[in-house]
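Can you build the whole structure from these sequences, using the hints too?
Chains as they are written, first to last, in my numbering: chain A, 611 to 1004; chain B, 91 to 414; chain C, 244 to 596.
Keep in mind that the hints were calculated from the coordinates and are not lab data. Any given hint might turn out to be false.
[Claimed, not checked] Derived DEER-like restraints, expressed as beta-carbon distance ranges: (1) B:Ala276 with A:Asp767: 41 to 51 angstroms; (2) A:Leu912 with B:Ile399: 34 to 44 angstroms; (3) C:Tyr492 with B:Leu204: 36 to 46 angstroms.
[Claimed, not checked] Chain A side only, calculated, beta carbon under 10 angstroms to chain B, not exhaustive: (4) Gly687; (5) Arg742; (6) Asp746; (7) Tyr747; (8) Ala749; (9) Leu764; (10) Asn765; (11) Tyr954; (12) Gly955; (13) Leu958.
C-beta: ideal position from N, C-alpha, C; glycine also.
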Amino acid sequence: MSAATSRLGGVRGFSSRHQSTSIVLVVIVVTILLPIISLIPPFSGFGTQKDFVGGFAAAGVFVLLALGLNVVVGFAGLLDLGYAAFFAIGAYTYAYSASGFTGLSIPFWPMLLVGALVAAVFGVLLGAPTLRLRGDYLAIVTLGFGEIVPVVFLNADKYTNGTNGITGIAQPNALGLFGINGFGFTNPWPYYLTIVAIITVVVILLYRLQDSRLGRAWVALREDELAAASMGINTITTKLLAFSIGASTAGLAGVFYAAKLSTVTPDQFGFTVSFTALAMVVLGGMGNIWGVAAGALIIYELQSQGLKQLGSFVQGLNVPVVALGPITINIGAINFLNYQYLLYGLALVIMMLVRPEGLFPSRRRRRELHETPAEDELTAPDPTAGDPSQEGGD
Amino acid sequence: MPLAILISLAVAYGLMVIGAGPQAQEQFINALTIGAIYALIALGYTMVYGIIELINFAHGEIFMVGSFVCWWLLTTLGFSGAIQDPVLLIEVLVLAFTVSMVTMGVVGVIIERLAYRPLRNAPRLAPLITAIGVSFILQNLVFVMISNSIVTVPQIIPNPLIQIGPISIREINLFVIVLALVLMAALHLFIQRTRLGRAMRSTAIDRDAAQIMGVNINSTIALTFFIGSALAGAAGVVQGLYFGVTVFNIGFQAGLKAFTAAVLGGIGNTTGAAIGGFVIGFIEVLASVFGVGRWSEAAVFTTLVLVLIFRPTGILGQQLADRA
Amino acid sequence: MAIPDETTGATGATGATGAPGTASLLLHAHGITKRFGGLVAVRTVDFEIPEGSIVSLIGPNGAGKTTFFNVIAGLSEPSEGTISFAGEQVVARPRRGWAEPFFWFAFPALFVIFALAVVAANLPISGELLVLVAVGLLVTSLVVAIIRPPWYVHLLQRAGIFRSARPNEMVRFGIGRTFQNIRLFHNMSALENVQVGMHSRMAATPIDAALRLPRHNREEAVAAEKAREWLAYVGLGDREDEMARNLPYGDQRRLEIARALASQPRLLLLDEPTAGMNPVETRRMTELIAQVRRDLGITILLIEHDMRVVMGVSDRVTVLDHGEKIAEGTPEAVRANPLVIEAYLGKGAASAS
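Here is the structure:
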């Protein structure tokens, strides 16, 4: 693949040969630009820079989630609807290690790795039962797991403190670097910079994996699982690696999230989180690492800032109230934040109908999703995933 | 198979006795009622999957909206409690069911036409994601436009106990169970004995062959959605009348459980879906009877996972379609 | 024409024309039967492939050829029969179900025994911890048994209980294949397709890739070069960046062969490699097949309908009809065999010819 891109010359050539450097540069530029943009009108009217930065840090969590889910859905083509389970596992792992609930007090930074590892293990455990299932069933089973995990956290009171969750989780500690000891609740900057650093590392690693033997195996798996197996790819290992790598990213996000909020409760990890992550991946561009990251950031900001502003705008229009029996429709009183999931749903449906490859698709995905039926018929593999001894008469 | 059903029912009753003692009969009937609701929803799932191999995620929300339609109708008409006059009661019930079933049927057809039909030849991921999107749209429409919390549905069916031999059963339970059985029987007859039903079956088995034989695929699929959604609408009315409440997010859970029921019975198999629905109903009630009610969700999902891993064709295997 | 290094092993006994009989047996299939419900697709077929030979499998449509192929390639489990490859058993039926999965529980069972012994010796270790570790070991062995890494397969083989090779394991053993309906990775380039073919012969782990360790970088560079060599070998050297689905039909067939060759097979299964080709392409393909055996010493099993190809390149021909072997021998002998003529053309044709 690098042979092909270097022919495009110039910047592309540079960036593919020095990929990690380019990634770091881009991230630095974006990291500096975002807080600056928040000072420019009209954005400056929406909130203080501190609010914005805090919002970016929160957006960062979702960027990580989208990046991780992209591995499962985008790279390996496995529709995982229960991704929030791994997020929860990462969060609770840190909660156990650094709160009054267990009395332990392990520092944040090593726990990032531990949380990622624990989540990776669960990625294998929850992925294993799905290995032989086809698309729809795979989705439903992962959805089921996505429901079971928070329910377990909710009901196993003795071990998880049930609905009240675990509070008083320790903040990260920079050990005196930059003059920072504890991160604290009032200053969003350390969190912002931490999540940016985590995202940078994750993105670099993901690009490297994509451009490796494993990355090719994922593409082959997505294209034609049977042929992939017949070419020597251990499809089970390939799928489990997708699940565990995706899960470990969610684990990272979970550890960070638990530290930032200092509280974890089961209801923070419901289907809406899995759905939001999926929406970000699909809308951003399945399979495209930076596309998914950009999509996640845009969607998060649209949702948290955009909807708020839309609400004020509509209120200013003074639309009269409509009554239909027991239902009253008062547009002026609408809190558009409540509509976010409605809009996600609408956006997903429209996207699938119009541009299924997402806003920033990878070239390969666009090719895959716009295959014309004629080409398909000539050379498409047998659609029944399974025993090829059923194919052909001989 | 009837023998197997009788034995299972006997076993279930025995478990009820162990767990609930004197309330065994009441809980048994309760399980049958809840099972009936799941069965009606499961039928829609299994029919749609049988014919276009799509898990209609939005189906659970159809059930939920159906219950809201019932709520809206009864509230607008001004009812608030039990209707004692049998004639009026029957009229209102007929109206409620008809309105809800027809409305949801139409909604189902519209969804299919707008969101699923354009993607019929797209890679599997696309219609699946669209279905989730539609599910969220429906759920949140109700959330923002009607209510974000529990809504009370007028309980218009009076509550007295009826004695049938050794069995004492409430009017409402009797009504629900009988209604569900009647609807399922009607569906079965329709699928097996009518021309349209034959069209549905043949489309499910081999779409291209059916088309060549003159079956209008688009209409057949639309009809399938209509019937499935209508049944879910009926389930919604039952939910409102039986539980007296409904809320915007019951569709998600109920949908998942009903899907489990459909898979348990054999996806594509309508008899299986019905049986599966009752099984899930019993699992749920038994769980609460034995004091582990809050784990019933987990139990149902675990059932789903286990069935899909070890016996993906379900208890009864394929019927409507011959594909796994 | 560059011949990729690391060719596939012993070729000593073949000689210039690849005469079989004196060579060792590369594949030995015995009593292969495959039933689909009530239909018997393959019935008690014995099949031997001497190393270094080109063997053809022919028969009318529906004779069971591709089914048999799929059994050898590991895609389909036979209802009965055994297959050994290069002296090792790879498939055996009926499966003694307990033997393979036994290994899943061996480790935790051993641990539990050890733990009980420890407790019996009155050491102060908590029961809960033991249970946790036992469960952990059980889950780990289950996962290993599901994944079946190469060392695990090796262990099973050493223990003599290995019974059902998966397709990717067959590739590791040295069996490569092409498909009757081309199954290339359509949205990958020709080069990428061949690189995927090399998957099982590469050793870098995801960790090597993520950290860009020297082992990964070296291997990727070598792989890219080798892939180019394979493409050049089959005549697609100038098409490496072309999307597989944009290639003309004949090129796609040859790309499939390059992809199969990339896994360095000892035995290459070709399922109707000349289907749909015109005479010119057919001739080129036939020459390529002969070349593969000549240059690389790879043994070839061929399903073919085109008799020119069969006669032109095979050392031995086997004929299947209705799932049974009805004839086997040199191409000339088989062609004259009345049973074979009857199978293809019906009764009376034998006496007429």
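Against the structure, the hints come out as follows:
1. At about 47 angstroms, the beta-carbon gap between alanine 276 of chain B and aspartate 767 of chain A stays in the expected band of 41 to 51 angstroms.
2. Under the hint 34 to 44 angstroms, the C-beta atoms of leucine 912 of chain A and isoleucine 399 of chain B, about 40 angstroms apart, fit the expected range.
3. Taken as a hint, the range 36 to 46 angstroms holds for the pair tyrosine 492 of chain C and leucine 204 of chain B, whose Cβ atoms sit roughly 39 angstroms apart.
4. Interface hint status for glycine 687 of chain A: upheld, as the beta-carbon distance to the closest one in chain B is roughly 7 angstroms, under 10 angstroms.
5. Taking 10 angstroms as the C-beta contact cut-off toward chain B, the hint placing arginine 742 of chain A at the interface holds, the least distance being around 7 angstroms.
6. Checking aspartate 746 of chain A against chain B: minimum C-beta separation of about 5 angstroms stays under 10 angstroms; hint holds.
7. Taking 10 angstroms as the C-beta cut-off, the interface hint given for tyrosine 747 of chain A holds, the closest approach to chain B being about 5 angstroms.
8. The interface hint given for alanine 749 of chain A holds, since its Cβ lies 6 angstroms from the closest Cβ of chain B, which is under the 10 angstroms cut-off.
9. For the restraint placing leucine 764 of chain A at the interface with chain B, the shortest Cβ-Cβ distance is roughly 8 angstroms, inside the 10 angstroms limit, so the hint holds.
10. Hint status for asparagine 765 of chain A relative to chain B: holds, with the closest Cβ pair at about 5 angstroms, below 10 angstroms.
11. Given hint, tyrosine 954 of chain A at the interface with chain B, holds; its Cβ is 6 angstroms from that chain's nearest Cβ, closer than 10 angstroms.
12. Interface hint at glycine 955 of chain A: satisfied, since its Cβ lies 3 angstroms from the closest Cβ of chain B, which is below the 10 angstroms cut-off.
13. Given the 10 angstroms rule on beta carbons, the hint for leucine 958 of chain A holds: about 3 angstroms separates it from the nearest Cβ of chain B.
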